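Asks: Residue-level listing of the chains:
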Amino acid sequence: MTLIEQKNLAPQIFEMTLYGKLVKEMEVPGQFLHLRVPSAELLLRRPISLAEIDQTTETCKLIYRVEGKGTDIFSKMKDGDQIDVMGPLGNGFDIGNVKAEETAFIIGGGIGAPPMYELSKELISKGVKVIQLLGFATKNVIFYEEKFKKLGVTRIATDDGTYGMHGHVGHLIDQAIEEFGQPDLVYACGSNGLLKAVDRKFDDHPKAYISMEARMACAVGACYACVVHVKDDETGMSYVKVCDDGPIFETGKLVI
Amino acid sequence: MTLIEQKNLAPQIFEMTLYGKLVKEMEVPGQFLHLRVPSAELLLRRPISLAEIDQTTETCKLIYRVEGKGTDIFSKMKDGDQIDVMGPLGNGFDIGNVKAEETAFIIGGGIGAPPMYELSKELISKGVKVIQLLGFATKNVIFYEEKFKKLGVTRIATDDGTYGMHGHVGHLIDQAIEEFGQPDLVYACGSNGLLKAVDRKFDDHPKAYISMEARMACAVGACYACVVHVKDDETGMSYVKVCDDGPIFETGKLVI
Amino acid sequence: MAENRLKISIPGLNLKNPIMPASGCFGFGTEYAKYFDLNQLGSIMAKATTLEARFGNPTPRVTETSSGMLNAIGLQNPGLEVVLTEKFPALAVAYPELPIVANVAGSTQEDYVEVCAKIGGAPNVKAIELNISCPNVKHGGQMFGTDPKQAYELTKACKSVATVPIYVKLSPNVTDIVEIAKSVEDAGADGLTMINTLMGVRYSLKTRQPILANVTGGLSGPAIKPVALKLIQQVAKETDLPIIGMGGIMTAEDVIEFYLAGASAVAVGTANFTDPLICPKIINALPDCLDFYGIESLEALRDEVKEGFKHA
Amino acid sequence: MAENRLKISIPGLNLKNPIMPASGCFGFGTEYAKYFDLNQLGSIMAKATTLEARFGNPTPRVTETSSGMLNAIGLQNPGLEVVLTEKFPALAVAYPELPIVANVAGSTQEDYVEVCAKIGGAPNVKAIELNISCPNVKHGGQMFGTDPKQAYELTKACKSVATVPIYVKLSPNVTDIVEIAKSVEDAGADGLTMINTLMGVRYSLKTRQPILANVTGGLSGPAIKPVALKLIQQVAKETDLPIIGMGGIMTAEDVIEFYLAGASAVAVGTANFTDPLICPKIINALPDCLDFYGIESLEALRDEVKEGFKHA
Ligand SMILES: Cc1cc2nc3c(=O)[nH]c(=O)nc-3n(C[C@H](O)[C@H](O)[C@H](O)COP(=O)(O)OP(=O)(O)OC[C@H]3O[C@@H](n4cnc5c(N)ncnc54)[C@H](O)[C@@H]3O)c2cc1C
Ligand SMILES: Cc1cc2nc3c(=O)[nH]c(=O)nc-3n(C[C@H](O)[C@H](O)[C@H](O)COP(=O)(O)OP(=O)(O)OC[C@H]3O[C@@H](n4cnc5c(N)ncnc54)[C@H](O)[C@@H]3O)c2cc1C
Ligand SMILES: Cc1cc2nc3c(=O)[nH]c(=O)nc-3n(C[C@H](O)[C@H](O)[C@H](O)COP(=O)(O)O)c2cc1C
Ligand SMILES: Cc1cc2nc3c(=O)[nH]c(=O)nc-3n(C[C@H](O)[C@H](O)[C@H](O)COP(=O)(O)O)c2cc1C
Ligand code: FES
Ligand code: FES
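Protein chains in written order, with the numbering used here: chain A, 1 to 256; chain B, 1 to 256; chain C, 1 to 312; chain D, 1 to 312.
Certain hints may be false.
One-sided excerpt, in silico: chain D residues whose CB lies under 7 angstroms from chain C [what the hints assert, rightly or not]:
| id | residue |
| --- | --- |
| 1 | L51 |
| 2 | V178 |
| 3 | L198 |
| 4 | R202 |
| 5 | Y203 |
| 6 | T207 |
| 7 | I211 |
| 8 | A213 |
| 9 | T216 |
| 10 | L290 |
| 11 | S297 |
| 12 | F309 |
| 13 | H311 |
| 14 | A312 |
Below, a list of computed lysine-lysine pairs in the BS3-like style, where the Cα atoms sit at most 30 angstroms apart [stated by the list, open to error]:
| id | chain 1 | residue 1 | chain 2 | residue 2 |
| --- | --- | --- | --- | --- |
| 15 | C | K281 | D | K118 |
| 16 | D | K206 | C | K206 |
| 17 | B | K126 | B | K76 |
| 18 | D | K237 | C | K149 |
Think of the hints as simulated: they come from the structure by calculation, not from any bench. Small disclaimer: the values here were computed from a predicted structure and weren't measured. In this text, a Cβ means the ideal position worked out from N, Cα and C, and glycines have one as well.
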């Protein structure tokens, strides 16, 4: 695909807009792309979630944080550069049977927030009422606040209290339950801590989903790099693969 | 240094013009630069001879043939790209004590021709009469013909007879000796075969020089990658390093 | 060209080309079927199969290194039964002409023997790759591959029950690989595959701990290519067994380099992760590459190299 | 900061920082003196010295691999006499405060012993690196480094005559490196340096022959970093000897990764060829890197890692 815009949203956080026919196949929020780093030395692709999909312009947006060598190289790519993309991969969020007027908690932590944006947009187009609960480390790494606000209720927490509520997303969730009652739908993406909290809170919620992260190699289910144990499995042999059984899973099912 | 122009001179043969302060240090024809390939996977630099030095514009030109990964990457670099350059390295051609009116055979084979261009220019500025004898594999890989012709007598041979004399440079040399007599000065750069021929023909010529090639790592005399045995050395222990004792050596001295 | 310049015949395997995905890097085959027609491949080296199902090591199981990667999957697989009733049949139905190499691993000699006895029962399994060199499991695996006597015993026991030819997969993590190669040759092995991964570790500066939960992992990719070529040429000069070479192959040129070292066929592992289409790309690039270097056919090249080794 | 966070003390070597160019990659030091002030370095590990002068192997002696290189220099050096009378004194005059590690090699135990007895006579030589792991020579070298008994004998003999501490340089080309490490520890070694190069080969597709005249060469560079880290952590857990780590170091982060594996100091080899200023660049980058990862000092990090290994 062709990189047509690269924006620095916050320190170390970038938004990439990609253009290409592949967008046609991007239909489900929560899916990810597996990007080849344009450096002969780096053999493994990098999984990055779709943050926004626009069929009319055949573009999609990815938001990523510079963590290591690969994302650093991405951040230095320029408009017009080609990028080798596999995907869309993964199951994505199941929004097939959501109903208008249902309430959804959209929970995103830090660099887990991006896929929640496209999800929110699609839920809204189905008439779902979204409550967006976003956690960030500190004020200056917050991104997409305005864009989320345009979609619906948006509450923000920062770990250090520099913006919004002081504390982690768990507090936002508790507050939102008080304010809006139990949600019909729950979707979360973020750090392992955040996922654990959501998993515990919505343990047997029938429509609560979390997006898992894992170190991947193939991203097509062939290498067994990204497996996660299934809960309450006596044999110890049951597993799911984050890359193709996921990255989205129902709460209460996995050993996180 | 900054790449300011990249020209495709012939199939697989490119001319790079570099701009930068380092040019100030480039004073002797026959020296080379040690270029870092902008690819994290390739650790060894590539030695490329200076083909032209222009102090007034602070530029120099290199001419190189795409052989493998490194030169292929060079050929894809664009104007404005930075290139990490070590050098100038090596001794260069000794032209300190040439005299006006002396005759010089300037012998270049294929991709060995580039350093001979700057050498010819500098010899001419000292009043030396240059006879330029250039060999190429075939017509369409000939480059710089016009530029050499502007400097002086230029004879060309091609291995396949598609241009100029049919055969290798050795024949041009024999012909030139017949025509111009024994030269006062001899300078040669090219394939091992060419160097061997020149070395043999001008074995005990007091002012005949050849430019050697060798696989290099450090290019500063530290790694002992580029050594060549010295002739008639009974101990077998005598050697020169192409990178810093050379790349230019007197004929008759080395085991080629 | 009437003649297929890429074809190669080695025990059990009459291949239309020498390119096969390496074991562990291509699952049980079907995972990559949505990317290209698997019939293009010479063969597929399936994921390791053990007698019982295995979950493998804790995660993270992979990490990256310069021109390489570390993996510590730990032989996760659904066990012989499932492989025989589901995995291989799935391939046999969809690709009846595609020969499969089964990769066999175990903790004890008995395990290996039982799997070897049965796995040839799948109609599409044309050869066994005996994995005595997995660096990522505590029991079995590399243990058998670093001791010539154990390698001999295991190979002999497996040969006596196997219904298809056995290629023994050698570990590079040894002082003298020729000794191991000769032992398995003496034990009746039909061929060798080499190399399995080197052992490596990476640390996270943030956590100050190893990145892999298993601490060590197997190093693969172009980083190890020179090591693979070194060991292959060394073994090729000292044994008569055909060698399926692997370790960092990314291009058609790499394939030829492995032939020059004495390989008769090759496997492509890590490169599949970099580019899921790498195998068909290499296959398609090979004819031009042969032309460029003036090579008539891969079989001719193999013979030329073997001849050269004899006279060296 | 009053305290020098980069300083490190190991037998014979009180270093202001742990960065030293690796043996064979920095000549006898003066070659790089025109690029930077050598006083910035912690130490210099000099080129191998043998009793008599050696020419080394035929050329080509180097070639490139993915994220690595192969060399088969073959211990070219002017011999003990010249090294003692010319090479080390040249450094001592220009850099009187700079400690040097002499690298000693030989074909026979007698050779090693004689060089070890005399080389500490140079006033700036503060330690010996006993090279029992050079893969590029037919006699001696790796031979001593792959057999625990020979390694023991040689180390013991050298220790009995040496006037400065001895660090034994281990080969990665072995099945069990801990066994070798323990042997040399028992023999009285003061420390270890690891790793020397892995063995590798590259072929030229044009000539169909190995690129190196010596056929095989030693693989170095970032390609081998995970292997170096693996072997270092394995040995660090099993012996008490300080380890000077090396193998693919290119950045300050790499240095810290070697500390996490259990190294007490590090050497930088191949990277000098990529960038002649790499050593001072790493030294200058280290303080910020320590800050970024919340590390007080390298000595503190080393102690923390060692402590961690004890309780693991
Ligand atoms: C399904 C999925 C979706 C993701 N979506 C996003 C996103 O939208 N935005 C974003 O910033 N990040 C996302 N990540 C995390 C992102 O993949 C890593 O931050 C990135 O791979 C780090 O690469 P690097 O080269 O910068 O780091 P390095 O440390 O140099 O990477 C080395 C290796 O480790 C892997 N790795 C390192 N960190 C992670 C991680 N956290 N998760 C998985 N693999 C990792 C890399 O892929 C690579 O193989 C996602 C991860 C997964 C699994
Ligand atoms: C002093 C000197 C001056 C040179 N001047 C020129 C010049 O002006 N123009 C030009 O086209 N070429 C010149 N060469 C040759 C040039 O250095 C090689 O063609 C080039 O390094 C090949 O790099 P590659 O990445 O394309 O090939 P690869 O085969 O990928 O290179 C792999 C490794 O081998 C080395 N190598 C490969 N071929 C040669 C060779 N012929 N000589 C030395 N090292 C080699 C490379 O430097 C690299 O380390 C010169 C060589 C030397 C020693
Ligand atoms: C993720 C992964 C899993 C592997 N699993 C196996 C395995 O199950 N059995 C086996 O014999 N080799 C296994 N290997 C080793 C490869 O088959 C191959 O020998 C090695 O990776 C070198 O080839 P490459 O550099 O092309 O990857 C695995 C390698 C990787 C990278
Ligand atoms: C060109 C070259 C020459 C070397 N010569 C020696 C040597 O003389 N003695 C020695 O002990 N090691 C020698 N080595 C090995 C290095 O000291 C070092 O152990 C190895 O290269 C790994 O470090 P690196 O990856 O940083 O290069 C040499 C390495 C290279 C690349
Ligand atoms: S990443 Fe390979 S199975 Fe998921
Ligand atoms: S290239 Fe290192 S000594 Fe010449």
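Asks: Work down the list of hints and note, for each, if the structure agrees.
Replies: Structure-based check of all given hints:
A distance limit of 7 angstroms between C-beta atoms decides the matter here; for L51 (chain D) the minimum to chain C is near 27 angstroms, and the interface restraint is violated. Residue-level restraint check for V178 (chain D) is violated (minimum Cβ-Cβ distance to chain C is 13 angstroms; threshold 7 angstroms). At its closest, the beta carbon of L198 (chain D) sits 6 angstroms from a beta carbon of chain C; the interface hint therefore holds under the 7 angstroms criterion. The interface hint given for R202 (chain D) holds, since its Cβ lies 6 angstroms from the closest Cβ of chain C, which is under the 7 angstroms cut-off.
The beta carbon of Y203 (chain D) comes within 4 angstroms of a beta carbon in chain C, closer than 7 angstroms, and the hint placing it at the interface holds. The restraint placing T207 (chain D) at the interface with chain C is violated, with a minimum CB-CB distance near 10 angstroms, outside the 7 angstroms limit. Taking 7 angstroms as the C-beta cut-off, the interface hint given for I211 (chain D) is violated, the closest approach to chain C being about 10 angstroms. Look at A213 (chain D): its Cβ only gets to about 14 angstroms from chain C, farther than 7 angstroms, so that hint breaks.
Taking 7 angstroms as the C-beta contact cut-off toward chain C, the hint placing T216 (chain D) at the interface holds, the least distance being around 6 angstroms. For the restraint placing L290 (chain D) at the interface with chain C, the shortest Cβ-Cβ distance is roughly 10 angstroms, beyond the 7 angstroms limit, so the hint is violated. Because the smallest distance between the Cβ of S297 (chain D) and any Cβ of chain C comes to about 15 angstroms, over 7 angstroms, the interface hint for this residue is violated. With a cut of 7 angstroms, the hint placing F309 (chain D) at the interface with chain C is violated, because the nearest CB-to-CB distance is about 12 angstroms.
Look at H311 (chain D): its Cβ only gets to about 13 angstroms from chain C, farther than 7 angstroms, so that hint breaks. Checking A312 (chain D) against chain C: minimum C-beta separation of about 10 angstroms lies over 7 angstroms; hint violated. As the CA atoms of K281 (chain C) and K118 (chain D) are separated by approximately 59 angstroms, the hinted pair breaks the 30 angstroms bound. Distance hint between K206 (chain D) and K206 (chain C) is unfulfilled; the C-alpha atoms sit about 46 angstroms from each other, more than 30 angstroms.
At most 30 angstroms may separate the alpha-carbon atoms for a hinted pair to count; K126 (chain B) and K76 (chain B) exceed this at roughly 37 angstroms. As the CA atoms of K237 (chain D) and K149 (chain C) are separated by approximately 29 angstroms, the hinted pair is consistent with the 30 angstroms bound.
Consistency with the previously given hints fails for numbers 1, 2, 6, 7, 8, 10, 11, 12, 13, 14, 15, 16, 17, ordered from lowest to highest.
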